[in-house]
Every structure is written in C-alpha cells, then in structure tokens.
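Number of protein chains: 2
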Amino acid sequence: MTVSLADLLLGRPLQSKEERAERCGPGAGVAIFGLDALSSAAYGPEAALTLLIPLGAAGLAYMLPISASIIALMAIVYFSYRQTVEAYPTGGGSYTVARQNLGPMAGLLAAAALMIDYVLTAAVGISAGIGALVSAVPRLEQHTLALCLVTLVIVTLANLRGVREVGALFLVPTYLFIGGLLGTIALGLVKALGSGGHPVAVAAPSALPAQTGVLSAWLLLQAFSNGCTAMTGVEAVSNGVRAFREPVVKSAQRTLTVIIAILAVMLAGIAYLTRAYHIGATAPGQPGYNSVLSQLVAAVAGKHAFYYVTMASILLILALSANTAFADFPRLCRAVAEDAYLPHSFASRGRRLVYSSGIYVLAGLCAFLLILFGGVTDRLIPLYAVGAFLAFTLSQAGMVMHWKRSRKRQARASMLVNGLGATATAMTVAVVIVAKFVQGAWVTVLLIPALIVLMWSVRRHYDGVAVEIASAAPLDVTRLKPPLVVVPIRAWDKVAEKALRFGLEISPDVRVVHVRSEEDTEDLRRRWPELAKVPATRAGLAAPELVVISSPYRYVISPILEYVLDLERKHPEREVAVLIPEMVERHWYHYLLHNQRAQWLKALLLLRGDQRINVISVPWHLRG
Amino acid sequence: MTVSLADLLLGRPLQSKEERAERCGPGAGVAIFGLDALSSAAYGPEAALTLLIPLGAAGLAYMLPISASIIALMAIVYFSYRQTVEAYPTGGGSYTVARQNLGPMAGLLAAAALMIDYVLTAAVGISAGIGALVSAVPRLEQHTLALCLVTLVIVTLANLRGVREVGALFLVPTYLFIGGLLGTIALGLVKALGSGGHPVAVAAPSALPAQTGVLSAWLLLQAFSNGCTAMTGVEAVSNGVRAFREPVVKSAQRTLTVIIAILAVMLAGIAYLTRAYHIGATAPGQPGYNSVLSQLVAAVAGKHAFYYVTMASILLILALSANTAFADFPRLCRAVAEDAYLPHSFASRGRRLVYSSGIYVLAGLCAFLLILFGGVTDRLIPLYAVGAFLAFTLSQAGMVMHWKRSRKRQARASMLVNGLGATATAMTVAVVIVAKFVQGAWVTVLLIPALIVLMWSVRRHYDGVAVEIASAAPLDVTRLKPPLVVVPIRAWDKVAEKALRFGLEISPDVRVVHVRSEEDTEDLRRRWPELAKVPATRAGLAAPELVVISSPYRYVISPILEYVLDLERKHPEREVAVLIPEMVERHWYHYLLHNQRAQWLKALLLLRGDQRINVISVPWHLRG
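Residue numbers (my numbering), protein chains in the order written: chain A, 1 to 624; chain B, 1 to 624.
Derived from the structure by calculation, the hints contain no laboratory data.
Some clues are possibly wrong.
Same chains, same label: a pair holds when it works inside one copy or across any pair of copies.
To be verified - When the alpha-carbon atoms are kept at most 25 Å apart in a straight line, the in silico PhoX-like pairs for lysine-lysine are as follows: (1) K533 with K494; (2) K494 with K481; (3) K481 with K533; (4) K602 with K570; (5) K404 with K481; (6) K303 with K191; (7) K494 with K602; (8) K602 with K533; (9) K408 with K250; (10) K481 with K570; (11) K303 with K481; (12) K481 with K191; (13) K303 with K404.
Using the sequences plus the hints, can you model the full thing?
Okay, structure coming up:
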C-alpha cells in the first residue's frame, strides 16, 4: 500500500483496540489539561492592565486588589471542581452536570456557553502567543494575522493525529514556561525585597503614559472583568477525567491541585512585580506593542538567553493552550450529539480515534474569529469571560442539586462548597455582562440563545424521525415478490457481465437498458441473443430482456431515469432494483475520472422515485 | 415543493427538451460571441500604448502603423474563419479542426492553447472592466482586486443559469458600448477634421511624460505583440456555430462579418484619435491610472452624461466579455472529454443544460490569476496572446489539410486563403513568444506541454480501463446462486422492516446484524422470534438469522465491516449483498443529520472488500 498524504500528515489510521494506550497520568495531564488555565496568566493580568492605561503609573497600585479578588474566586472554584471530579469520575463537564441535575434546557445553556468559550480559548491562546512572539521580534508585528493562521493549522493537524502524541509534544514547552515564569518571579522577589521594594530594571520597561483618565468604580469593575479571563480553562480537568490513568479520580484531583497552585502563584507574583518594576500595558495592535510578561522578564533578568527561552516557551504554550479547546470542544460536541442535540457525526470517531467533525468545526470558527479581529487578543477578551463563567455557574449549581439528592454523609457540607462556588461565579457573570456589554459581551449574549435554538431544532428533527419510523408490529411477509431488476449498460464488457450475473442471482425479471447515441456503431440488439439470451435460456433461466433507448443528444442519465420511473409507475406492487457498477480505484484522484455519472443517477433515483426504487452498487476493482 | 437557494440563484432545472429554445440569431449572436472580440478594443490599443510610454509624445506616432498591421492580420484571419464556419457547420473550434485534419497531438496542442486563452480572456476581461470603473471613479482604485472577484462571481452565476438568459442580459450593454465608442470616434473625426487635425480636448487627457527611452525595432515588436490582444476572441463564432438559429451557416457568417467590421473601425479610430488628441497610456496599477478609452471619451465629448454612460457600458461589456470564455471553455472541455482526454464529467450537462464542471474550473482558475496578479490587466497581457494565436495557427493549418483532401471545385482557392492565415498567425506566435518571453510568455510555453501530458494521461487511463474490462465472451451463467444478504439494523422500526422485506425478496439467506452497545436496554434477541422468525416461517420462508455483536465503545461501523468481510472470506463462491437504508430528506441541510454512517460504511465495504461485496441502498423518504 502506498503512503498517502493523509497518512503522512495525520498518522496511520488507528484500530479501535488501541484506545486504552491513549490515556495519560498527572505528569502529562498538567500539560494537556493545564495549558489553557496556566497560559491564562499570560493574558489575564495584561487584559486588566490594558484598562488601567489611562491612569498612568497610578493605575499599577490597583492590580494587587484586583488580582487578590481573582485568586480568591479561583480558590472557591477549585474546591467546587474537586468535588465535581469525585462525583463524576467518567467526566463531569458542565454540560453533563447541568443536564443531569438541572434538566435539558440548563444543559443546552451550559453547552452553548462552553462552545463559545472553547472557540475563544483557541482564538485567544493563539493570538496571545503570537503577541508574545511580536513582542520579542517587533519586526514581525505586521504579519500578526498570518502567523496566527499558520499556528492554527499546525495545532489542528496535531490534534487530528490524536491526544497522546499531542501530550508528548507539549510537555517540554509547558514545563519550560512554568520554570521560566516561576524563576522570573522568584528572582524578581529576591531583588525587590533586597532593594527594599524598589528594584532597578535590568532592561527598562516601556515608559508609562501620563494619566489621562480618572479612577472610577466602573473602571475597576471592567479591569476585574478582563482579569477574570486569567481563570478560564480551570474546568478542563473535570471534563476530561476519563482520559486519566488509574486511579482516575486521584490522578485528576492531583493534576487540578497542581494547576491551580501554580496559577495562583503566577497571578500574585505578576501583580506584585509589575508594581515594583513599574510595568504597565502597551497599546494593543499598535506598533511598539510589548506584552506585560515580555517587559517583566526583561526587567528582572535582562534581554539575554533566559529572556528568549522564556518568551519562546510563552509563545509555544500560549499558542498550544488552544489545545485544551481542541481536546474539549470535540468531547463536548460528542456528549451533546449522543443526546441527539447535534448531528450524529459529531459522535463518530475519525481515523485516529479523535472526533474529527468537532475539530474541523472548531478550527473553522477559530479561523473566522482570528480573521475578524485581526489576531489582536485585546479585541477578543470582551467576548470571552461570559461563556466561561456561565458554564462555571451552571456546573456548580448542578452540583448543588446533585448533593441535595445525595444521601451521603457529607452531602450537606459539599452542597455548601458548591453553593458558594455557584453564587460567586454567577455574580461574576453578572459583573462581566454589565461591564463588557458594549465592548463585545453582547455578541455572546445573543449567540447563546441562537445556539440553544439550533440544538433544540436538531433534537426535534431526530425525535420527529424516530416517531415516524417507530414500529411495534412484527414483520409483514405478505406481497413479497422478487424485484424488477434494471441493469443500465454502456456496452458489453466484463463490468456489464458482472452486474448482469448479480441481477440474475436476485430476480428472474431482469431488464438490461442500453442508451444508444447516434455515433454508436455497434448495435447491441443484433448480438444480444448470442451474448445473453441463448446462454441464459440454455441454463434454464428467464432470459434478460434488452431495452435500447435512442438518445440523439448523448444524454444518458435522463433516459435511464425516465425508464425506471415509468417502470415503477406501471408496477405499483413491485420493488425495483437498479444495478449500478462502481469503479473502485487505487488512487483517490482517479475518482475524478469515473463514477460521476453513477453518483448522479443514484442520487436522482433515490430523490425522484418513491420508496420502491432501490439502488445496488456493484463494485469493479480496477487493477490499473 | 419549496424554492431552494440553488433554484433562486441558478434558475429552476431545465428539462432536456428545452434545448432547442436556447439557440440565438445574429442579433443576440453579436452580443454573445462578439463581446470578447469587440471588448478587446478596450485593452489591445492600451496595451500597445503602455509600452510606448517611455517614448513620451513621440510614441503616439507609431500607433498608426502598429494598428494598421493588426487590422491587416485581422482581415486575413476573418477570411480564414468564414471558410471554417462553412466547412464545419456543427462547430469548428480549433480543437476539432486540428484533431480531425492534423491528428490527435495537434488537437491536444490546440486544446491546451485554447484553454489557457479562455482563462486569460475571462481574467483580462474582468480586470480591464474594473480598470474602466476605477478610471471613472478613482477612489475605488484601492479595491481593484475585490471588485474583480465580485464581478467574477456574478458572471459565473449568470453562466450557470444558461446561455439564452445570458444573451438577453448582455444585449443592452453591448449595443450601448458599440454606439458609445463608434459615436465618440465619429464625433472625434468630425472635430479633428474640422480643426485641421488639431482638435482641442473638452476634458484634458493626462499629461504625457517626457521621453525616457529610445525607439527601437524591439520596442515596436513588443508593442505589436501587446496590441495583438485586440484580436483575441474572433474565433468564438466558429466554435459556437451550433448555437445559431437556422440557417446556421449564414447566421454565423453574418455575425462574424459584423463583429470584425466594427472591431476594425474601432481600432483604426482609436489609433487616429489618440494621436490627434495626444492621449497616451498611464502607468497601470498605480494611483492616477486613467484608461486610454476614458481619456479619449472625455477629450472628445467632455465628462458629462455621455462619458459616464459610455464608461458604464465599457465596464459592463468588458467585465461580461469574460462571458465568451464562459460560453466556450466548457464547450471545449466537453469536446475534449468526449474524446476521453478529460474526465467524462466535463461532458455531462448540469441542471440548466450547461456544462457545469467546465464553468467551475474556469471560475477557479480565473480567480487564481486575478489574485496572483492583483487584478491588473497589464500584468496579464504577456501571457495572453501566445495561446490565442497558437490556436488560430493550428485551426488554419488544419483547414489547409481539410481543403487538400477535399474534392470541391474551389478547394484550391480556399486552401490558399487558409494557408495565408496560418502563415500570418504562425509568424505572430513566433514574434509574441520572442518579444514577451521574459514578461510572462514563458509561463504559457511551459504550461502548454504540461496540459498536453495531463490530457494524454487521462486518455491513457481510460484506454487502460477499456482494455481491462473488454470482453467478447457471452454471459457466463455457471455458479449463479442467490447472494448472502446482510441487513444491519439499529433497532426494530419501519426502516429496518422495509430493508428486511427487500432482503427476503432477493435471497433466502438473510442475516440481520445488530450492534449492541452497553447502554441499549432492549434486547432484540428476546423479541426476534415474535418479530421476524415466526412470521417468516409461517409464510413458508427461510427465517432471517439475527446476529448480535457487542460493542462496548459505541463503535458501529467497524463491527459490521469486520462481520461482512469475514462472511465474504468464509463463502468464496458467493456474492454478498449489504442492505443499507438511506434517508431521503426534504431539505438539503437535513443531510447533515443523517446518512453519514451509511456513507462511511458503504465506502469502506466497497474499498476493503474484493469484488463480491455489493451494497444496496434502500431509500426511506421522510415525510417530516
């Protein structure tokens, strides 16, 4: 067998038995399910600081209380999700939890929120990664969008190959990122404390602008809303519990703890050091843009090897954090499709045991967003937090109902923990919608009901079909007769003979239809007795009838179609079977050369006939 | 039936009987087959003048001899093609004439040259039309490419609707263009002669640049080569003779005469008036670009209503001149496909009696060229003339052979006319290749052999298949046995029952395969005797066997596939028939919801089985 382009890019097709081997432990788990949460540290604080730009140097003081609130919120959410992992060891995504405990509409609401969230996770991850790249190499700034799209293609291909290989690929940059950022924070803390809180920057950060705006509670709310994007992705572990090695729950919980602890340290460290080093955000999407982390690492450690390694790891893990979305979006779509709210194809695995349909849809939507917003992270942020926090809320609220119905000993305490989580995240949703409505949250607010209506319509269609075809009656064995067989042939050859043989095997009523154009020199009618009639009669079979139709304009499909439809009309009690030979090719591009007519005829027969026209594909394997 | 989007955009599907009505007389013929030739007047002279820019005002003097040579060449070609139309009343395209008289390789050479020519006709027509638009409305200049692509989409859709409606749509702008340009020339002549050859421009043309280059024979050759593009499209009538009303030959010849006469007057008039009014070309693709015709009409008649109407007609007929290519490219592909040098699908008509495949390919290639060259006409011109004149040459050379073999009285005189045409156009090809090689003619020179190899390979593949399947032996009636029928079912419902009934009609060996996942609550095994076994036995039929396969991971396709392949292996003497129910939907988008699994299973069965696995599609029409 030749190696196809698809094999090369996507890996050879996996047998279903190989599934077990595709599971991971906590080490790889932090990389796979933590990329999104951890990498949020690279854009969450920056998104908050961008809003504080009008306050100039005075704005930096407010990062500490904002970050403290976010970390507190994250702690609440952490304890909530620990309980979810334990209660749903087979995977407790917000959709599953909300649907099981709060009913189907809540499930759909959660699903819609999560879908939007995942698409934005992918888009923001990639755009922020490219943001890190153009901070380190400013002359690439003009190619931002093209770089984003190339990255998207790479991530998509990697995910079409399957989850384990992706984990291996992402391990190194994740741990480099964690090491680089925690190292920077530790070094910065030492320098700051050693200098009495006023360290000198090795490489000076961008100058802070003069104050142009005034402080207001509204501005702080907006900064908090933007900063909340630093928490997105912490739910990933609870969705993917099934992907962990035994003991599943312990592995998943340990992974979650490690991720949240590291993220909290990062947020606190960044808040403290930006203030100590006087680092503010620069105008996004403008020449001279320099990301907050880029300024921070340069200020603490200088623009040497350490800076470039850390920036490279930020680029890699940010761009690849989109991977969490690529792991989770298809899983979510599968769960929704299994409940018949999305087409069944989202529940079928592709050649590498991944849910390819979901991956294609996610890649398409993500490309659309990146193009629409020119690959600039700051323009995507306002759409982002609503979906994520809405999903948090529904998941926690679902858990409250779960514990209410549970008869376990500690159910009451667990209910309190999840209740606190639900309340805190619900309040955050309200704050984000109000604070960011005009800047983009309205898109999400409109999109969610639209998605719900779509999913509900899909389900209604499937339900309608199920009712239409339901039957409790036993098999009806009356009026069974062999079908009328029609074999369209172009000329007498091996393919025609094979089809005719199959026709004779299934029915004594076989009609061979030959469309004859003016240019055909050979008259099949003359040779028919010798070719088919005599051999069949001699073998005691009903002789196949030859029907020749003249077609002056070389039309082939419509005369056959008309003949078959007419036959169906004339025999209202009989089934009709049309035998169509199909060439099976060795190379995909040979399909351009054959079968087009067969496909058309088949589609028209099924569409224009009523229930009684069946189409039989008789394969002919070309040896070439 | 609801009106679909396709109906709205493309018109309702036409029955094949309606073909006759799609034919046109000379009036519409000038519009349909003359657009390309006539509109060449808008870019041919300009392409020559662009090369004379370095000569400044002195360059204008050379337009008269250059135009005179082109008109003389055109007269020769005109008499040649009159004879072709008469000799080939069913359509004498260069491909047909060259293949019939000079052999298949000459035919392929002509076909390749023409394909390239048609793609460029479409691209140049559209880009020059948008060039006229941005001359009249300079602030649109920055959107040149986008405007080109929008125009391409409109032309493509119009052509997918079919040829007659297109003719009606194009009649008005064509006659407006002819009237506008001939009117301008007449008025300009009167003014020029009245003022002793030195008329005063109403609206001053762009200032002529100072002379920066020197006159050379090489420069004049290049200008002549560029100017020759004014002749492209004159062969259109001879290709499309069949599309004319009776008397076919007379209608076609009259159309050809009218087209050539008008074109000759236009070229001569433009050459005289540009000199009289001191109008030169402006730098193409640069701000401040103003097309030669725009300057000319403004100089003669001023920038009033007449100017804008004429410019609008130029824009329309130029952009729509691409229509000749859209009428001829698919016809050419059909002729080539009927000789098996292109996939058969190019020879099948679509829903509106047009050859849709050809239209799609042309639109795709044209879009590619427009994007590659940014929609600037001047960059496309060097690729253009080679293909057109090579096709002219082969066609005329073929006619020489045609007359040589003919026994008609005037054959010798006719041979001389075509021989002169062949010689003149062959010399032009040589001149164009040499003069424009570096600027782009090399692309055409490389592309033509590549296309020939491609077409030759397609034919070789078809020939190989024909040899492989050829058979002279009569029908083999030994070893005929009813097939082993496999009916995969998901549950017991009306669809399953229908498939099972068909299975029982064609064979006594029926196996119903049910893939059971862990979550299925109902056990089909328990109900099987009551549902199928007992009714079948009672009716005296062999009872269908139920095969239940457990599949813990919800895989459905592979267990069925393995079962069928295993069955095929175990019964090497039997045919296997797999019955797959297909949902027939009322709305196209419902296809996203069904049949995916059926399509996969079907494809895998045909690919992985050997010749003995046949697939039967049993339709189920959803009422919705």
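Going down the list of hints, with the structure as the test:
Taking the shortest alpha-carbon separations for K533 and K494, only the intra-copy value of 17 Å comes in at or below 25 Å, while the best inter-copy value is 39 Å. With identical chains, the CA atoms of K494 and K481 are at most 25 Å apart between copies only, with a shortest distance of 19 Å across copies and 29 Å within one. For the homomeric pair K481 and K533, the shortest alpha-carbon distances inside one copy (23 Å) and between copies (19 Å) are both at most 25 Å. For the homomeric pair K602 and K570, the shortest alpha-carbon distance inside one copy (21 Å) is at most 25 Å, but the shortest distance between copies (30 Å) is not.
Proximity of K404 to K481 under the C-alpha cut-off of 25 Å is found in neither arrangement, the shortest distances being 61 Å within a copy and 65 Å between copies. Taking the shortest alpha-carbon separations for K303 and K191, only the intra-copy value of 17 Å comes in at or below 25 Å, while the best inter-copy value is 74 Å. In this assembly of identical chains, K494 and K602 lie within 25 Å of each other by CA distance both inside one copy and across copies; the values are 21 Å within and 23 Å between. In this assembly of identical chains, the alpha carbons of K602 and K533 never lie at most 25 Å apart, being 27 Å within a copy and 33 Å across copies at closest.
For the identical chains of this complex, K408 and K250 are intra-copy neighbours only, at 19 Å inside a copy versus 97 Å across copies, given an alpha-carbon limit of 25 Å. Taking CA atoms no more than 25 Å apart as the test, K481 paired with K570 passes inside one copy only; the shortest distance there is 15 Å, against 29 Å between copies. When the C-alpha separation of K303 and K481 is checked against a cutoff of 25 Å, the pair qualifies neither within a copy, at 84 Å, nor between copies, at 80 Å. Taking the shortest Cα distances, K481 and K191 never come within 25 Å of each other, neither inside one copy (92 Å) nor across copies (89 Å).
For the homomeric pair K303 and K404, neither the shortest alpha-carbon distance inside one copy (56 Å) nor that between copies (82 Å) is at most 25 Å.
The structure shown violates the earlier hints numbered 5, 8, 11, 12 and 13.
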